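2 protein chains.
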Amino acid sequence: MRIDRLIEAIRELRNPTALGLDTRIEYVPEPFARAHAGEGGGAAAVLAFNRELLRALRDIIPCVKIQAAYYEMMGAGGMACLGDTMEEARRLGYVVIADAKRGDIGPTAEAYSSAYLGSGAPYASDFLTVNPYFGTDGVSPFISDCGRTGRGIFALVKTSNKSGGEFQDILCADGRTVYEHVAERVSEWGSGLIGHNGYSSVGAVVGATYPEQGAELRKKMPHTFFLLPGYGAQGAPASHLAGCFDGDGSGAIVAASRSIIRAHRTAGTDDFASAAREEAIRMRADLMRVLPGLAP
Amino acid sequence: MRIDRLIEAIRELRNPTALGLDTRIEYVPEPFARAHAGEGGGAAAVLAFNRELLRALRDIIPCVKIQAAYYEMMGAGGMACLGDTMEEARRLGYVVIADAKRGDIGPTAEAYSSAYLGSGAPYASDFLTVNPYFGTDGVSPFISDCGRTGRGIFALVKTSNKSGGEFQDILCADGRTVYEHVAERVSEWGSGLIGHNGYSSVGAVVGATYPEQGAELRKKMPHTFFLLPGYGAQGAPASHLAGCFDGDGSGAIVAASRSIIRAHRTAGTDDFASAAREEAIRMRADLMRVLPGLAP
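Protein chains in written order, with the numbering used here: chain H, 1 to 296; chain C, 297 to 592.
Quick caveat, the hints were computed from the structure, so don't treat them as lab data.
In this text the structure is predicted, and so the values were computed from the model without any measurement.
Some hints could be false.
Said to hold, decoys possible - Restricting the straight-line Cα-Cα distance to at most 25 Å, the calculated cross-link-like pairs of lysine to any residue (SDA-like) are:
1) C/Lys458 with H/Glu184
2) H/Lys220 with H/Asp137
3) H/Lys162 with C/His477
4) H/Lys220 with H/Asp248
5) H/Lys162 with C/Thr432
6) H/Lys162 with C/Glu480
7) H/Lys162 with H/Arg218
8) C/Lys458 with H/Ser191
9) C/Lys458 with H/Ser144
10) C/Lys516 with H/Cys172
11) H/Lys220 with C/Cys468
12) H/Lys162 with C/Asp465
13) C/Lys458 with H/Leu171
14) H/Lys162 with C/Ser483
15) C/Lys458 with H/Ser187
16) C/Lys458 with H/Ser114
17) C/Lys458 with H/Gly147
18) H/Lys162 with C/Leu467
19) C/Lys458 with H/Ala173
20) C/Lys516 with H/Leu171
Hey, can you work out the whole structure from these sequences and the hints?
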């Protein structure tokens with residue numbers, strides 16, 4: 001099961017970081033973009049940039065989260081770049097999360113699932129992020145594929161953005177919030193797919209920007225692995241993340257995108273690979289400080 | 297504004313039908329698929345099939361809703377087919393709805409919006425369906441583009457599937473349901489973008505399979521245009537739709553996909569264009585019976 005592979009890959013590198021490849025052509029240093037220009041409005045340069053980052057970070061980071069939106073906006077050439085980036089990440093041994101937040105009614109969810117989680121999927125990924133607004137029959141096609149292929153999903157529970165609570169935090173008549181209702185279902189959806197490390201193939205997206213809610217969810221969802229956006233560019237410090245992990249320093253992975261892939265901008269250099277390495281190493285140390293369970 | 301164009305196109309053809317191009321290669325009759333086979337696993341045949349349907353139905357149906365999932369599952373070639381299908385639909389004068397249910401945090405929602413609603417979008421559409429789970433700051437990039445370009449969105453409020461109510465119908469502490477909370481925001485989001493026909497650029501997806509809730513929402517959201525899935529293959533009869541329209545027979549459009557694009561299967565023929573025409577004409581008459589306001 002890919003959830004076990006993810007947990008073991010994190011343990012091996014002692015680093016619960018997912019490299020977020022939310023690559024916009026503007027992030028690619030101009031000389032590099034010129035040297036790798038091809039047809040299709042920047043997709044060739046983005047692919048070369050991604051490949052170089054993936055190679056540079058392989059001994060530090062175990063997992064990559066690729067945000068579909070930034071490839072979709074470049075048209076069909078961008079989607080080819082998405083597939084090629086995923087292929088390179090798989091070839092290098094990264095665990096691959098497709099961050100596409102897909103969701104629809106059953107027959108359509110089946111089509112999305114076959115794009116990312118099915119056998120022969122054009123964007124074959126270990127995990128896909130999923131929007132749960134449609135409820136069980138909209139999510140079950142993804143879960144069926146997880147059962148068949150060992151792949152997994154991360155369903156949105158509590159998102160990292162400021163307005164996330166607008167619907168997710170609504171207080172329900174039974175005294176719980178909407179996101180707690182969603183959390184309960186997500187936990188149920190994964191109950192038949194628990195791997196040998198105690199976590200299921202059905203994970204949850206929990207914003208690191210809401211540390212109290214994250215810590216509560218950790219207690220209520222002991223078999224649910226968390227994908228934590230919100231660290232770095234979105235503002236959550238490492239101390240906000242600790243409660244989302246279990247006592248062994250497992251149970252979650254922290255996504256960081258702009259802080260790593262734009263580190264060269266902050267550093268004022270075109271050597272993006274070295275700047276990304278430096279930031280990835282700094283981030284690993286930062287996380288390690290609050291996760292003693294992960295230390296050797 | 298595209299919402300006015302949509303309303304006027306419906307009035308002109310006296311038909312509130314959106315042709316759903318949820319085209320799977322299995323729907324394409326084999327002789328036709330063989331004759332139009334190209335590289336890329338069926339995308340060429342799907343494009344030829346879509347083009348023939350679009351040409352065959354232009355004098356009957358004003359609007360086309362293209363489901364992104366069925367193109368995404370075919371890889372980059374499928375996404376090129378999505379773009380080419382949209383281009384043909386625009387060229388023929390259809391109002392184009394991209395049914396992609398996209399949604400994410402602000403910066404990522406911006407990227408999705410530029411893929412469908414921005415100027416120079418690779419999948420340029422008049423409308424995009426949007427998932428509201430992230431709340432206002434996740435939806436506002438789409439609304440900004442709507443303000444700039446005159447395009448529009450349809451936000452999920454009450455979906456047509458059986459499990460839709462699992463989260464959407466939860467009773468909140470204030471006595472309202474979650475979908476009523478969402479409906480209120482959707483109405484607010486559109487309040488600054490109302491066209492000369494009285495409807496805003498921010499529409500709502502309301503399942504025709506829940507007629508009572510649809511009729512209630514119609515009253516509560518007088519400026520919100522509805523996209524109604526659930527007719528035909530999903531089981532809602534025309535009588536269930538009437539309450540979602542206003543007194544003039546405007547205010548909503550009914551999506552029908554499988555019942556039209558697979559009509560040749562039901563009829564036992566390979567002449568899919570004629571079978572689709574026949575079903576589209578039958579559907580128009582069926583809708584007209586419950587929408588006297590649309591009659592001449």
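Hints, verified against the model:
1. C/Lys458 with H/Glu184: Holds, at about 19 Å.
2. H/Lys220 with H/Asp137: The given pair, whose Cα atoms are some 23 Å apart, holds under the 25 Å limit.
3. H/Lys162 with C/His477: holds (17 Å)
4. H/Lys220 with H/Asp248: holds (17 Å)
5. H/Lys162 with C/Thr432: Distance of about 9 Å is within 25 Å: holds.
6. H/Lys162 with C/Glu480: holds (19 Å)
7. H/Lys162 with H/Arg218: Judged against 25 Å, a Cα distance of about 21 Å means the pair holds.
8. C/Lys458 with H/Ser191: Given pair C/Lys458, H/Ser191 holds - Cα atoms ~22 Å apart, limit 25 Å.
9. C/Lys458 with H/Ser144: holds (18 Å)
10. C/Lys516 with H/Cys172: holds (21 Å)
11. H/Lys220 with C/Cys468: Cα-Cα ~21 Å, so holds.
12. H/Lys162 with C/Asp465: Measuring from Cα to Cα gives roughly 24 Å; hence the hint holds.
13. C/Lys458 with H/Leu171: holds (24 Å)
14. H/Lys162 with C/Ser483: With Cα atoms ~20 Å apart, H/Lys162 and C/Ser483 stay inside 25 Å; holds.
15. C/Lys458 with H/Ser187: Measuring from Cα to Cα gives roughly 20 Å; hence the hint holds.
16. C/Lys458 with H/Ser114: Holds, at roughly 22 Å.
17. C/Lys458 with H/Gly147: Answer holds: C/Lys458 to H/Gly147 is near 22 Å, not above 25 Å.
18. H/Lys162 with C/Leu467: Measuring from Cα to Cα gives roughly 24 Å; hence the hint holds.
19. C/Lys458 with H/Ala173: Distance of about 22 Å is within 25 Å: holds.
20. C/Lys516 with H/Leu171: holds (22 Å)
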